[in-house]
Every structure is written in structure tokens, then in C-alpha cells.
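*Asks:* Listed below are the residues making up each chain.
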Amino acid sequence: MAAVDLNEITVAQPLAAERRGVSITRRIWRAAFASYEFRIGLAIFVILVAAALFYPWLSGINPTKLNVSAKLNAPWFIGDKWMWSAPLGTDQLGRDMLVRSLVGLRYSLLIGFSTVALMLVVGCTIGMLSGYYGGKVDLILMRITDAQLSIPMIILAITVLGVSRPTIPAIILVLGLSSWPVYARVTRSVVMTERKQEYVRAAQVSGASNLWIMLFLLAPLIMPPVIFISVLDVARMMIFESILGFIGLGVQPPTPTFGNIIADGRKYLLNAWWIATMPGIFLCFTLTSVNLMGATLERARNRIYGGAL
Amino acid sequence: MALLSFLARRISQGVVIIFLVTLLIFTLLRVVPGDPVRLMAGGMAPEALIEEIAKEMGLRDPILVQFGRYMTGVVQGDFGQSFTRPASGASTGGTGFGDSSRGDRADVLTLIGDTLPMTLQLAALAVIFALIITFLIGTPAGLAPNRWPDRLAFYVSSIFVSLPNFWLGIVLALLFSVKLGWLPAIGYKGFAYTILPAIVLAIELSPVLIRNLSGSLSAVMQSPFISFGRVRGLGRRRIVYGHALRNASVPLLNLLGIQISGLLGGVLVVEFIFDYPGLGLLTINAVLQRDFPLIQGIAIITSAIFVLINIVVDLIASTIDPRLEY
Amino acid sequence: MSMNRRDFLSRTAALGVGAGLLQLNPSAIVSPAFAQSKPLVFLSAENITGNWDPTAHTTLSQKNVEGFVMGFLVRNPMTVENPDEVVYELAESLKLIDADTIEIKLRQGVKFHDGKDFKAEDVKATFEYGSQPDRPAQWYPGPTETLTITTPDDYTVVVDTSKGGYPAHLFMFLAGFLPIMSSADIAQGPKGPISQRLNGTGPFKFVEQRGNDTVLEAYEGYFKGKPVIPGINFSFVGDSTTRMLSLMNGQASIVERLEPEQVGTLEGNDKVAISRVTSVENKYLWFRCSKAPFDNPLVRRAACHAIDRSVLLEVLGDAGAASANFVSPVKFGYIDLPNYPEFDAEKCQALLAEAGFPKGEGLPPLEYITSVGFYPKTKEYGEVITAMLQEQGFQVELSVLEIAAWNERLYDRPGGGPGHMIDCGWSTGSPEPDLILRTHFHSSSKRITGIEDKELDASLDKERSAATLEERKTILQTETMPMIADKVPALSLFTSVMIHAHDKSLTGLFIYPDGSMDASKATLG
Amino acid sequence: MISVPILSVRDLTVSLRSEEGGRNIVSDVSLDLAPREIVGIIGASGSGKSVLSRALVNWIDPPLEIASGSVTYKNENIFTLPPRRMRALRKEIAYVGANPQGALDPTLPVGRQIVEKIQALVPELSRADAERRVIELLAAVRIPSPASRFHEYPSQFSGGMMQRALIVDALATNPAFLVADNVTQPLDVTIAAQVMRLMRELTERFDTAVVFVSSSLPILNDSADQILVLAEGRIVERQVPERLVHSPQHPYTTQLISEIPQIWTDTAPVVPKIPRQGTPLISIKNAFRTYHVRKRGTFASYSEVRAVRDVSFDVFPGENFGIVGESGCGKSTLMRLLSRLEMPDSGSVICGGQNISRLWRADLLKFRKDFQLVLQDPFNSLPPRTPIGEIIGGPLRVHGVRSADQRRKQVLAVMEEVGLASSLFDELPLGLSAGQRQRVNVARALVLDPKVLIMDETLSALDQTEQFKLLKLFSDLQTKHGLTYIFISHDMAMVRRVCNRIAVMYLGEVVEIADNTKLFFDPGHPYTKALLSAIPTLETRRYDPEECLLDGEPPSPIDLPPGCGFASRCPKAFGRCRVETPLLMPDGPDGEAACFLVPSYPPQPVTAAAA
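Residue numbers (the working numbering), protein chains in the order written: chain H, 13 to 321; chain R, 133 to 458; chain L, 74 to 598; chain Y, 375 to 985.
These are calculated hints, taken from the structure and not from any lab test. Careful: at least some of the hints might be erroneous.
Said to hold, decoys possible - No farther apart than 25 Å at their CA atoms in a straight line, the calculated lysine to any residue pairs in the SDA-like style are these:
1. LYS111(L) x ALA346(L)
2. LYS187(R) x LYS264(L)
3. LYS208(H) x SER675(Y)
4. LYS465(Y) x ARG370(R)
5. LYS148(H) x LEU136(R)
6. LYS743(Y) x ILE225(H)
Starting from the given sequences, assemble the full structure and let the hints guide the process.
*Replies:* This is how it looks when you write it as C-alpha cells:
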């Protein structure tokens with residue numbers, strides 16, 4: 013009822029002058045950027061990424077250079093043995109935790125985002141197809157999805173990663189290919205409802221091919237929320253990578269990733285908690301910043317699309 | 133009648149799924165380098181012996197033949213025998229060639245049978261905890277979108293999701309088991325041992341659920357019958373708990389059904405950390421020892437469980453919401 | 074200096090044995106009041122094999138279990154101070170009659186856990202069974218047919234090795250760690266009860282294997298008297314942090330293989346005591362000597378000179394002790410080899426140049442395989458070594474594999490094992506050096522390295538066939554060991570120190586350098 | 375009115391808060407409601423009548439807010455009541471809305487929810503009693519087998535039934551007054567008529583006062599004691615129906631009345647009879663379409679929904695062809711066949727000499743270009759998140775107009791033509807009125823300048839004023855582009871106004887097909903009569919509802935009974951109707967009807983005479 017009603021109201025609404033001729037997308041970004049949360053998120057994210065990209069290079073500290081004599085130094089805020097070169101302390105082999113975390117962040121971001129990207133591509137494509145065509149296609153694709161869904165990631169991991177020395181691409185592949193079904197399901201359900209809508213029919217009548225409809229009509233409509241959901245998975249994938257490291261299928265040393273830093277640091281949790289904890293904190297910051305931006309963006313979209321002025 | 137036919141349909145589909153899984157895993161495991169026989173016999177074993185054992189175990193036949201043999205076994209409830217484990221069920225390793233002299237090996241099924249209940253108990257408790265957390269945090273968030281409870285939920289889930297489960301496991305064990313001595317942590321000698329691992333799993337599980345619940349709840353709160361309910365004279369509590377949550381719980385259920393398979397990943401690590409004698413520990417050892425029959429067995433069983441759980445989920449969902457035609 | 078002392082001691086030992094003098098008793102440690110207490114919970118870092126046959130494996134954790142259950146002719150405490158000490162248990166004396174004959178007098182009135190009386194037939198059966206070439210553990214100097222074992226009476230065993238052409242004194246050390254099995258069990262063959270359960274004369278009885286727990290209970294009939302603690306739960310817990318946590322919250326009584334950092338943490342804890350034992354185990358960097366580039370001794374030596382072992386020890390902290398030989402200091406014939414390769418960048422570069430790879434140019438990319446490992450710090454020092462080698466121009470790539478994969482790649486195979494270098498430790502609960510030297514460097518076995526070298530073979534055979542211990546030691550220390558140090562088919566990195574942490578209330582426990590324990594006099598709580 | 379009013383509204387003003395400040399939706403409305411009185415409020419969409427009706431039951435949520443004024447019930451202003459007391463009052467203040475389907479929790483049985491309400495408001499009533507009451511009320515609103523319906527879920531109720539259930543829900547607690555907001559709007563005419571009849575009966579029986587809000591004067595005219603005319607949120611006139619109709623005071627009212635379709639009056643528009651010669655533009659021949667739906671909760675058994683059965687007709691260039699029928703009669707399926715969204719199972723659709731099911735790629739695209747569709751639902755038919763410009767330009771992109779400027783030019787031209795401000799180009803459809811949305815729809819279809827436009831219920835969601843405007847637009851476009859229209863509708867009045875030739879559908883069959891005048895003045899089929907009798911109009915009806923109006927609802931097209939599909943509801947049905955299916959037979963010069971009562975219909979063949 014609410015919907016009908018509001019529409020009745022908004023009928024004669026005069027268009028706010030400033031909105032004239034401004035494309036929707038730009039309006040959304042404006043709205044998002046207007047909120048301080050978005051700015052904070054953006055700030056944190058930019059800082060982190062910038063640090064990850066430049067600090068190691070500026071500081072000239074080599075994340076893989078061992079300095080055994082200076083191992084397990086505490087960070088500056090506790091303990092007294094810390095050095096300027098390692099404000100966040102050092103790990104079990106005396107490498108600077110700050111640089112390692114930042115470089116780790118680099119790789120983890122790479123892994124997290126490209127994994128999720130892979131998941132989205134595969135999952136959404138399959139979901140889209142089976143939701144759009146329904147019938148046999150749907151049946152087959154969904155059975156495959158369920159099958160995939162019911163295989164524990166870990167087993168897929170050992171088989172695929174067992175093949176060769178686990179490299180970052182291999183890991184991305186494993187994680188991505190083992191986690192897409194969730195998205196297939198979500199997309200499918202959304203598409204199924206949307207596809208029944210009349211505007212889809214209208215497009216068909218105007219002569220649009222199915223592909224055209226999926227790409228230009230449905231995808232733009234259903235992707236954003238799905239992508240928004242997937243932000244959590246970026247983090248989950250980074251964690252999964254650490255689980256792989258934990259059973260010896262992770263990225264090989266000396267390359268630092270959050271995964272293997274945490275996995276190796278685990279042993280020292282009792283007397284050098286910072287090794288395993290720092291990446292977690294960085295991870296949390298990254299995630300929160302991305303999440304903040306995502307959330308505000310989503311809110312902005314809903315506001316604009318929800319017809320608020 | 134309707135129910136029966138539903139079950140018939142879903143179970144037949146489930147069988148297909150399980151078959152696919154088995155086929156996939158089976159072939160994958162066969163293409164992994166690293167000859168299982170060498171693992172069984174131990175590295176010191178001479179090639180001749182390896183070949184001999186392999187032959188006698190039929191591991192040199194074409195994959196399809198092996199698969200056929202395996203499946204015929206499976207349908208008769210015979211999942212084969214562990215490569216490395218003795219009947220005693222001990223997790224074994226080390227190297228000893230002339231493996232032929234090993235004590236008779238454990239049946240995969242019995243191994244799983246012993247550990248599965250433990251894990252189910254753990255998983256069930258974890259899910260319960262997760263749901264409690266989810267409802268405590270997610271409901272207010274869903275009722276007050278974009279206000280502080282929503283923010284809270286948002287930050288909490290951000291933090292939860294960035295906690296590596298083994299990190300959390302150790303920290304909790306240190307805190308509650310060593311420092312405070314409230315809960316036992318390592319091994320299993322009673323129900324109490326399930327609590328800590330379950331909490332860790334719950335925390336790993338909850339972020340997605342929280343987000344889902346708050347999302348769908350706020351969506352439901354938008355729907356006409358909620359505001360109309362007020363006009364019909366229903367109290368807010370009744371509307372929220374009697375109707376809104378009821379509707380919002382359906383997508384939550386489905387998500388939960390999907391998450392189950394993800395749960396095993398967590399169970400694995402957590403059981404290893406807490407030395408909890410469940411399927412997860414079995415799996416990780418099977419993986420570490422490349423105990424292929426065991427891995428296969430576990431894969432089949434887990435996917436079967438997954439199928440069953442999802443059938444149950446759909447049943448519950450369709451009793452909650454009759455429109456979901458089952 | 075200390076060396077000389079040790080030489081002296083061992084010499085006297087050797088002679089002493091001949092004279093049947095030596096009488097010492099490890100139970101000098103503590104003999105506490107009998108107090109009923111809870112069973113001892115031991116958390117092992119390594120899992121056991123599926124097969125209880127003591128000759129079927131070389132797995133340490135299972136040796137530990139055997140240490141509780143089985144009886145031994147003698148035990149060698151093998152302390153660094155007194156490496157050659159001998160304690161008589163099932164044997165009352167070992168007498169070397171001549172170079173090829175040894176006579177063993179047995180203790181009387183001992184019973185196996187299954188009730189069978191312990192007699193000479195059991196020792197004979199054990200020796201003959203264990204010497205079969207297909208027994209994985211491979212304790213014996215030569216195959217069964219080279220032995221002639223006679224039992225003049227029920228409590229006397231005479232071993233004649235003349236057919237084998239090696240001296241009988243080898244059995245002195247071997248006697249130190251042979252679990253004596255019941256002839257009845259052996260009679261039923263390798264697939265028989267012997268593989269199903271342990272049956273010995275030791276202080277604890279094997280009850281059952283419960284999942285990952287091996288359950289033992291005190292054996293009333295133990296010839297030194299029933300142990301104080303009612304039983305032992307020996308269970309495998311893979312994760313070191315987990316082991317430590319369960320010790321801290323009182324669920325475990327003793328845990329093994331502590332990480333040095335954990336030692337730091339635990340020393341603060343007043344409920345826990347730490348024990349360190351220099352072990353019989355060295356850890357090695359094995360070269361695949363049968364394939365390029367490490368088929369070339371020069372390259373091997375270059376690599377060895379690139380590695381600064383002192384840094385490794387820094388990484389290992391308490392968990393490692395310096396040693397400069399291919400066997401542990403507690404083993405027979407140990408000596409700090411003067412020509413043992415030390416860290417020396419110049420030498421390394423010189424050797425590389427000499428081998429035709431100046432600054433490592435022209436070397437293929439090398440794979441260095443190690444495991445996530447249940448040994449402390451395995452991965453860490455792996456990383457360090459990789460870094461060091463890279464510094465000298467070796468393009469080394471480290472592969473950290475989970476145990477099974479590592480295990481599967483460990484041993485030599487036709488055409489050389491996988492990778493170019495692999496990390497592994499080797500430990501045997503006996504002073505016998507050949508258990509390492511011969512096993513790995515003689516072309517008849519060449520377990521991991523795959524080396525085939527006539528000179529080495531010759532030298533190894535020579536030291537084995539030496540008429541007396543005395544003579545043998547000299548050959549070992551002056552010829553064989555230095556030769557190996559020149560050819561370095563493997564580099565021994567350090568000697569592991571076994572760190573156990575246990576409940577303070579646990580007393581009277583003696584830990585042998587191979588990690589096995591004598592708990593017969595231990596009390597708990 | 376002497377009696378004290380039970381509800382009195384004084385200077386009520388409701389305004390919409392927004393970032394640009396407030397705007398009044400309802401301004402200083404005052405009215406009194408006497409016991410048992412029925413007050414009708416009429417207003418076009420956008421007149422704020424829904425907001426007013428909600429204000430009456432104190433249901434105003436942000437961004438709306440009560441700016442000033444009072445609604446006094448039992449001499450208390452309900453806006454100032456604390457929530458708790460307000461809730462108690464809900465017992466006596468009832469509301470029925472325009473959207474029956476969304477009004478109840480879809481996951482709980484209807485009966486249970488009504489009981490829930492009763493118990494929430496009348497705690498003293500025992501559950502059993504409450505259930506009994508609900509069941510008898512369900513019976514009272516003529517819901518068949520109420521006892522079992524009680525346990526069914528909203529999704530299992532049809533629109534009409536749901537609306538009745540809601541009336542039950544509203545009256546269950548014996549409210550003192552009831553606000554009915556556009557209750558008949560979503561319903562088919564015959565059903566709407568039934569519901570209206572019901573409302574009247576019940577309100578008398580429970581002596582409830584009613585505020586009846588509607589956009590259709592005829593409906594109010596039949597029932598209300600007094601009518602208020604709402605325009606721009608203000609009450610511009612209040613009168614008793616007769617006087618309002620015959621001597622309207624306010625110009626707005628006059629206009630409103632003038633827009634009410636004339637059916638039989640001599641002032642009614644005369645639609646010219648288009649000469650039907652030459653080749654038909656499109657002709658459909660013996661088309662069948664059956665859907666197979668899995669029986670609920672069965673393993674693999676399907677049931678047949680026979681949506682279109684043996685339909686044939688021709689449409690000639692320049693004519694307006696109407697297809698009328700109630701929901702579920704298969705007209706939408708027919709539309710899908712005509713626009714080649716689906717293919718007939720058997721039979722064919724011929725266009726320009728080609729069977730369109732055979733068209734492919736380029737030919738198909740060509741066909742699409744000439745043959746456009748304007749869809750029913752103004753809300754679903756526009757992608758919610760695409761700017762209007764893009765929506766209208768979409769077809770151009772599909773048809774290969776690459777350059778954006780080119781598109782923009784054409785789109786703006788069309789928008790201008792259909793009367794959309796060019797400023798809307800970058801706007802989202804949301805916030806547009808139904809009328810504007812339909813204009814967008816039309817523009818989207820028109821942008822390809824097609825030969826034929828199929829109007830699928832295009833106007834049914836609009837109120838008369840809007841309809842009027844759009845119809846005007848259509849005829850202009852027709853003269854300008856020489857378009858041919860096919861109107862698919864359930865609204866007889868609308869069809870009467872524009873269509874030259876009309877086909878009446880029932881249960882997937884064409885039961886009558888005739889020229890405009892013939893159909894409305896001398897229908898051949900009883901169903902047509904029923905439809906005519908239900909048309910909301912101010913005129914004296916040619917067909918008396920009492921004798922033609924149907925009870926119950928059309929049977930489901932699943933597993934149809936043999937014989938004439940209409941027999942089950944037909945007042946004139948006799949033996950033959952239940953065994954033999956009547957075919958279309960000429961009924962006079964310009965019509966055909968499928969009824970045995972058509973004079974020309976051959977008598978039942980005597981078995982002997984066969985062969």
C-alpha cells in the first residue's frame with residue numbers, strides 16, 4: 013500500500029533544480045560522498061593502499077630480509093626493545109612486521125579481490141542463465157551448483173594445490189572456484205523474480221535478444237546489491253587463504269600474505285601475540301573501510317532509486 | 133502425499149548430486165601427483181614392492197574401472213578401507229615399508245561413524261550459538277536501519293569476519309581455559325569440551341547471517357502488511373515477533389543451509405586446534421596423510437549431509453512460508 | 074679437552090664390557106614413596122604407525138611407546154657427560170668372548186605381559202627376526218643368515234657373527250635398544266599378533282588403542298616392581314600450541330617438542346617444569362647426490378660453506394645444540410670434526426668458481442623441500458637457509474609441504490629423489506653410529522642422498538669390520554667421518570635438544586636422548 | 375443530519391516533509407460522519423484521497439505528517455491519543471485498502487490472522503468464539519466453504535476473495551465506522567459489483583458508518599448518502615448524489631462528470647464502422663495455447679491450464695480492435711501470442727502474409743519494429759533503475775541506432791509527442807504518476823514508429839481523468855501515424871469509447887465478437903450481458919444487474935468441465951450447455967456469438983440425423 017500511496021503523492025513533485033540533467037550514477041556518487049562515513053572509509057582505504065604500495069619502497073626495508081638477532085621484538089607501544097625500523101615489532105625471523113603486514117596486505121588484497129571477482133563472474137553467470145532460462149537449464153545448472161556447494165573447499169584445495177607448488181594464481185583459482193555457488197543461488201533467485209517483470213517483456217517485444225536483456229537490463233539491476241554482499245567475502249577469502257597456509261597449502265615463503273603471516277605467527281601467540289594479530293587488525297581496517305564505502309554507496313543508491321530527493 | 137512426493141523428488145536429486153561429487157573427487161584424487169601407494173608403503177619401499185601393492189589394490193586399472201568398482205562398493209555400503217589407519221583408528225604416520233605387514237586397516241565407514249556424531253554435536257551447538265548471536269544483533273539492526281543498532285551490527289560483523297578462526301580459538305582457549313579455568317578446551321571428555329570450539333565456529337558463521345537477517349528484516353518491515361498490521365490494531369511486539377521475524381527467517385534459513393558446507397572448513401581448523409575428535413580432525417589428518425579412500429568417504433558423507441540438511445531446511449522454510457512450493 | 078675425557082671413558086667402557094664389570098643404575102634418580110595417583114597423560118607431537126611390530130618402523134613416537142612397554146637387554150642413558158654408560162636390564166651381562174662371538178646372560182624370573190616366561194628363545198627370535206633384510210627398521214649389522222645364534226641354556230644367548238665378517242661387538246650397542254619380543258608372537262609372522270599389539274616385559278602393559286590414545290597400565294609383574302603411576306595415556310596432538318595449552322590447563326602431564334619461545338613462556342609458570350635432553354637426533358640438509366648439480370662434491374661443499382649454522386641455532390634457541398659431525402654427540406665415536414664445513418663466503422665462491430658456476434651463474438634453479446614439520450622451527454630455519462644460499466648465488470626455491478607430501482618426496486628413487494635438497498632429521502635410540510652413516514652414505518642403502526661412492530663404501534665397510542670398538546672408533550674419527558665431511562652428501566645442521574615440559578608434580582621420570590622414557594619410578598600429583 | 379456525528383474532522387491538513395520543505399497533500403478538510411451514514415469521497419489520483427482516508431484512521435507515517443487539524447472520535451482527537459489507547463480504539467475504527475494482496479502476512483492462514491486481530495482487540499472473546507465468528511463472517515461475504523478457506527493462505531485467495539476477507543477483517547470487531555479506500559479499484563467489474571453489493575449489506579447489518587473513497591463516481595453514486603469531491607487535497611463540493619450528478623456546483627465536479635464514459639446515452643460517442651476489406655493486418659487462426667504446470671506437491675504429474683482455446687479473428691488496418699474479458703480469461707496469453715512472446719501450440723498468427731512463429735533474426739526484428747506493445751502495469755513495466763531517456767531509447771539501441779545524440783534527438787521528439795517534459799529525460803520513472811508512466815510506455819513503443827500498437831490493459835490502472843487524456847492522445851497519434859490499435863481490457867466503458875470491433879473472451883474462448891454498437895445494444899451472449907450490467911455508470915442500465923449479474927467467480931482454466939465454459943455461471947444455462955461446446959455463429963450482420971440461444975444456432979443434432 014505504501015508504494016501506491018507514495019506514488020500518488022510524489023506525482024506533482026517539482027524537480028529540484030540542482031538535479032536537472034545530472035546523470036543518475038553521478039548523483040549517487042555525490043550523495044555517497046556527501047556522507048562523512050564514506051569519506052572516512054575512503055580515507056582509511058586510500059591510506060592503507062598507499063602505504064601498502066609505497067611504504068615498503070620508501071622505507072627501503074626488505075620484507076623478506078632476515079635479521080635473526082632482532083627476532084620477536086615487541087611493537088613500540090609495549091616492550092622496550094623496539095627499533096624505528098620496526099615500529100610494529102618483528103616476527104620470528106626478525107623481519108619488520110609493519111612492512112610485512114603492508115606487503116601481506118598487497119597480496120591479500122590481490123587474492124581477496126580477484127577471488128571474489130572470479131566467484132562473482134562464475135556464480136552470477138550461472139545464476140543468471142539458470143534463473144533466466146529456467147526449466148531444464150535451471151535444473152542442470154542448479155544440480156551442478158549444489159554438487160559444487162557440497163564439496164568442502166578444503167578437499168578441492170588439496171587436490172588442485174597438490175598438483176603443483178601452491179602459487180597465488182592457483183590459490184585464487186581454488187578459492188574462487190569453490191565458493192561461487194552461493195552467488196549462483198542468490199543471482200538465480202533475483203533473476204527469477206525480475207525476469208517475470210513486465211519491463212523484461214517490453215524489452216523482448218522491442219526485439220532485444222536474451223543476451224541483450226541479461227547484459228544491459230538485468231545485470232545492471234541485480235549486480236550492485238550482490239557485489240555489496242560480496243564485500244564480506246573478500247575478507248573471508250583472505251582468511252581462507254590463511255587456513256590453506258595453516259595446513260601447508262598456502263602461498264610459499266618468503267612471500268608474505270596475511271594468511272601465512274597469521275598461520276606462522278600462531279605458534280608465537282603466547283609470547284609474541286603481535287605477529288599473528290597485526291594482520292588481523294590490518295584486515296579488519298581494510299574490510300571496515302571497504303564496507304563503509306560499500307554501505308554508504310548502497311544507501312545512496314537506495315535513496316536515489318527510492319525516490320528521495 | 134505432497135510431502136512424500138517432495139521427498140522422493142529431492143532425494144532423487146540428492147542422489148544425483150552425491151554421484152557428481154563422488155565422480156569429481158574420485159577423478160581429482162586420481163590425478164593428484166604423489167602415488168598413494170608410496171605414501172602407504174613409505175618412501176623407503178622399493179619400486180617393485182610399490183608396484184606389487186598397487187597391482188594388488190587395483191590402483192593401476194583405468195580410472196573408470198576403479199570408479200565403477202568403488203561405486204559398486206559404495207552402494208553396498210562399503211566405502212573401502214583407510215590407506216593408513218589401523219583398525220584401532222589411531223591417526224598414523226611415519227614410514228614403514230613392507231606395509232603388507234600393517235595391522236588390518238580401518239573401514240572408512242566406521243572411522244567416519246565414530247567421528248561424525250561428535251562433529252554433528254559441535255556443528256549443532258555452533259549453529260545454535262550463531263543464531264543466538266545473529267538474532268541478538270541482527271534484529272535490532274533490521275528494525276532500525278541506518279541507526280546505531282544497524283551500525284553496531286555492521287562493525288561487529290566486520291570484526292568477526294576478520295578474526296581467523298585458529299587465532300580466535302587459541303585466544304579463547306587461553307582466556308577461558310588457562311587463565312579463568314571456566315571451560316575445558318583440549319580433547320573431548322564430555323559435553324563441556326564442545327562449548328569453546330562451538331563459540332569459535334559461531335563467531336565465524338555469524339557475520340553473514342547477521343547481515344542477511346538485518347537486511348531481510350528491514351525489507352520485510354517495509355512491506356504493507358506490517359504497517360497495515362498497526363492499523364488493524366496489532367501491538368508492535370506482535371507485529372515484529374509474530375510476523376516480521378517470521379517472514380525474515382526464511383531467507384536466513386536458506387542461507388544457513390548453504391553455509392553448512394562452508395562450516396566444514398571451519399570445523400576442520402577448529403577441531404585441529406582444540407584436538408576435538410570429530411570429522412574435521414579426521415579430515416585434516418586424512419588430507420595430511422593423503423588417505424584417499426578416507427577423503428572420498430568424507431566427501432560423500434558430507435555432501436550427503438549437505439543434501440539432507442538442505443531438504444530439511446526447505447521443509448521448514450515451506451512450513452513457515454506456504455508460498456514456497458515444495 | 075672434553076673429547077679426551079670422552080675417549081677415555083668409552084675406552085674403559087669397551088674394556089669394561091669385556092671384563093663384565095660395568096654396573097650402574099639409572100634408578101639413582103629418585104625413588105619416591107608409593108602414592109596412588111592419576112595416570113600420566115603424554116602428548117606426542119608425532120603420530121604412530123598402524124603397525125605395532127617394533128621392527129616395522131622408525132617412528133620416534135612409537136619408539137616412545139615401546140620404551141614404556143617393552144623390555145631391553147640394556148639401556149644406554151647416553152648423557153653427554155657419560156655417553157657410553159650402560160645399564161643392565163633383561164641382560165645381566167654382555168661378554169665379548171672373541172671378535173666374532175658375544176655371550177649374553179639373561180635375568181631370570183621375568184614374565185611377558187601375556188604371561189609367557191622370558192627366556193633365551195625370545196632373544197634369539199628377536200635377533201633373527203629383526204635381522205631379516207625386509208624389516209624396515211634395519212637394526213642389524215647384517216642379514217639373518219650371517220648370524221649363528223645358539224642358546225646353551227634358557228638364560229644364555231651366544232651370537233656368532235663370523236659368517237657375516239663383521240665383529241660381534243656391534244651387538245653391544247644394538248642390545249641397547251632392541252625391544253625384546255616374545256618368540257611366540259614372532260613365530261606367527263609379521264602379520265600376526267605382533268603387528269596388532271605390544272607385548273613386552275616393560276613396566277607398563279599395552280591395554281588398547283583408543284582413537285589417537287594409546288592406553289597403557291602399570292604392570293604388577295614388572296621385575297623392578299610395579300610402577301607407582303597407575304597408567305599412561307599416550308596420545309597424538311599435532312599442534313604444539315594445543316599441546317602446550319592442555320599442559321597449562323592441567324589436562325596433560327607431559328608434552329614434548331616445545332617451541333623455544335614456549336619454553337620462555339612456560340618458565341614463568343610455577344605449575345610447570347622443563348626438561349632439556351640433548352638427543353640422538355641430528356637434523357640434516359640432504360643433497361640429492363645422484364643428480365646435477367649436487368652430484369658434484371664441489372657444489373655441495375660450496376652450499377655447505379654458504380650456511381651459517383650459528384644463525385640457525387639462534388633461530389632454534391633452546392631446541393638445538395651445536396654439533397660438528399654427522400652423528401649426535403651422544404653417539405659412539407662422536408668428535409667435532411676439524412674439517413667440518415663452516416660458514417665461509419669466500420670459500421663458497423671459490424668452490425663455485427672451481428665447479429664452473431662463478432657466483433652461482435649457470436646453476437639451475439634449485440628446489441629445497443621441507444615440511445611444515447612437527448619439529449620445532451623446521452619451516453623457519455628452512456627460510457633462513459634459503460635466504461643464505463640465495464645470498465651466495467644459489468637460486469633456491471623453498472617448498473614447504475604438509476607432512477604427507479614431504480614424506481612422499483623424502484627418499485631417493487631411481488633417477489634421484491624429487492627436488493635438489495630436502496630437510497629431514499634422523500634419530501635412533503642407540504649409540505651405534507652406523508645406523509646413520511651406513512644407512513645414508515653406503516651405496517647399499519643411500520636412503521635419501523642416493524650417493525654412490527666407492528671410497529665411502531670402502532671406508533664404511535672398514536670401520537664396521539674393525540675388530541674392537543677401540544679400533545673402530547679410531548677409524549671412524551680419523552678416516553670415515555672426515556671423508557664424509559669432505560664429500561658432504563648431506564650437511565648435519567645441528568643436534569636437536571628434546572624439550573619436554575611437564576607438571577611440576579611429576580617426578581622420578583627419566584628421559585632418554587631418543588625421547589623414550591623410563592616412568593617406572595615416576596610419581597604424579 | 376440531526377444525530378451527533380460519531381466522527382468529525384476539522385481543518386485537517388496533512389503535509390509531506392522533504393528536503394525542499396513541506397507540501398500539503400490534504401488541506402483544511404472538515405467533515406462529519408453520522409452513525410450508519412455512508413460518506414463518499416471522490417477524487418482523481420493525486421487528489422490526496424488515500425492520504426485523507428489514512429489520516430482518518432490515524433495512519434500517517436513519515437515523510438507524511440499531520441500539519442494541523444483534528445479527527446475527533448468519541449470527543450477525543452485521535453492524533454493526540456497515546457499509542458496504547460489508540461490501539462484499543464482500533465477495535466472501533468476499521469480500514470480496508472486498495473491492495474488486498476499485500477495487506478496480510480503471506481505466511482499465515484487468513485482466518486488465523488483475523489482471529490489474531492480479534493484477540494488483540496477483544497481479549498475477552500475466547501479463541502473458539504473468535505474462530506466461529508470469523509467463519510460465519512466469511513460465509514456472510516459469500517466465500518465458498520469458509521471453514522476450509524479459514525485455514526488457507528493469502529496467496530491462495532483471488533483478488534476478489536482477499537478483498538472480501540479484508541472486509542471481514544475490518545468488520546470482525548464491530549467497528550463504529552469503516553474507511554474503505556478504493557476497495558474496488560483492483561477488481562474486475564463483475565467482482566467489484568459483488569463487493570460493492572456486499573459492503574452495502576454488511577454496513578447495514580452491522581450498522582457501521584462508512585467513509586467510502588473512490589475515483590469512480592458511478593460506484594459512489596450507487597451507495598453513498600453524501601458525496602464529497604476532493605481536488606488538490608481540498609474539498610471543493612459536498613452534495614447528496616442525485617444533486618451532485620444533475621447540478622454540480624464546482625467546475626471540477628462538472629468536468630469529472632463530463633469525463634464519465636457514456637454507454638447508451640445518445641450523447642455517447644459513435645465509433646465509426648471501419649470497412650473491413652483488403653488483407654487483414656494481422657489475423658489469428660484457431661490458436662490454442664496450453665500451459666503445463668506441475669501440480670502442487672506432486673512428483674511429476676502436470677495439470678493443463680488451457681489459456682487460449684481455438685481463437686480466430688482478423689484485425690484490419692486503421693481499426694481499433696478490442697478484446698475484453700475478466701482476469702484469467704486468457705486475454706494476456708492472447709496478447710503474448712499476438713506479440714510473439716510465445717507461439718501457439720497449434721494454429722497460427724499471420725502478419726503480412728507470414729506466420730510470425732516462423733520469423734527469425736532480421737525478419738523478426740522488422741516485425742517487432744512494426745508491432746509494438748504497451749504494457750498493463752505502469753509500475754512493473756518500467757525498469758525501476760533506468761532513467762526515462764534510456765528506457766525510451768532502449769528499443770532504438772536494439773534496433774541499431776548507435777549514436778547517442780541521434781537517440782536523444784528521437785527520444786526527445788517522442789517524449790514531446792506523448793506530452794512528457796524533456797526535463798524528465800535523466801529522471802527515474804519513480805515519482806511519476808501512473809499516467810505519466812503509461813506515457814513513457816507509449817513513447818517506448820512509439821519510438822520505433824510501428825504500424826500496430828497492442829494496448830494491454832494500458833488504461834485500467836488510471837483514473838478517468840487520466841484515461842480521458844490518454845485516449846485523446848491515442849486518437850491523435852492514430853490520425854498522425856495511421857496506427858492500428860488492439861486494446862486488451864476488462865473495462866467495457868473504455869472499449870465502448872474507442873473500439874470499432876470487440877471480441878469478448880471467457881475462459882480462453884472468444885464467446886462473442888461484434889461491432890461496437892451491436893455489442894453494446896444487442897449483445898448475443900449472456901456473459902456479455904453480465905459484463906454490461908456491471909459497468910459502473912450513472913445511466914439507467916439496459917441490463918439489470920439483479921438478473922444478469924453473476925455469482926461466484928470464473929472456474930479455473932485448469933481441468934475445464936465439458937460443454938460451454940460459461941454454463942456454471944450462466945443464468946440461462948440449460949441441458950445442452952453442459953454437454954456440447956457452442957461455436958461462434960453469426961448473430962445478425964455485424965456480430966458472432968457462441969451461444970445456443972443465438973437464433974441462428976443450429977438445433978442439437980438428432981442422433982439419427984447425423985451423417
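*Asks:* Checking one constraint from the list: CA of LYS743(Y) to CA of ILE225(H), max 25 Å. Satisfied?
*Replies:* holds (17 Å)
*Asks:* With a cut-off of 25 Å on the C-alpha distance, tell me whether LYS465(Y) and ARG370(R) pass.
*Replies:* Cα-Cα ~16 Å, so holds.
*Asks:* With the threshold set at 25 Å, check whether the alpha-carbon distance from LYS187(R) to LYS264(L) stays at or below it.
*Replies:* The given pair, whose Cα atoms are some 20 Å apart, holds under the 25 Å limit.
*Asks:* Given the hinted pair LYS148(H) and LEU136(R), is their Cα-Cα distance within 25 Å?
*Replies:* Holds, at roughly 23 Å.
*Asks:* Take the C-alpha atoms of LYS208(H) and SER675(Y), compute the straight-line distance between them, and say whether it is at most 25 Å.
*Replies:* holds (24 Å)
*Asks:* Would you mind confirming whether the straight-line C-alpha gap from LYS111(L) to ALA346(L) stays at or under 25 Å?
*Replies:* Since the Cα atoms of LYS111(L) and ALA346(L) sit roughly 18 Å apart, the hinted pair holds (cutoff 25 Å).
In summary, the structure agrees with every hint in the numbered list given earlier.
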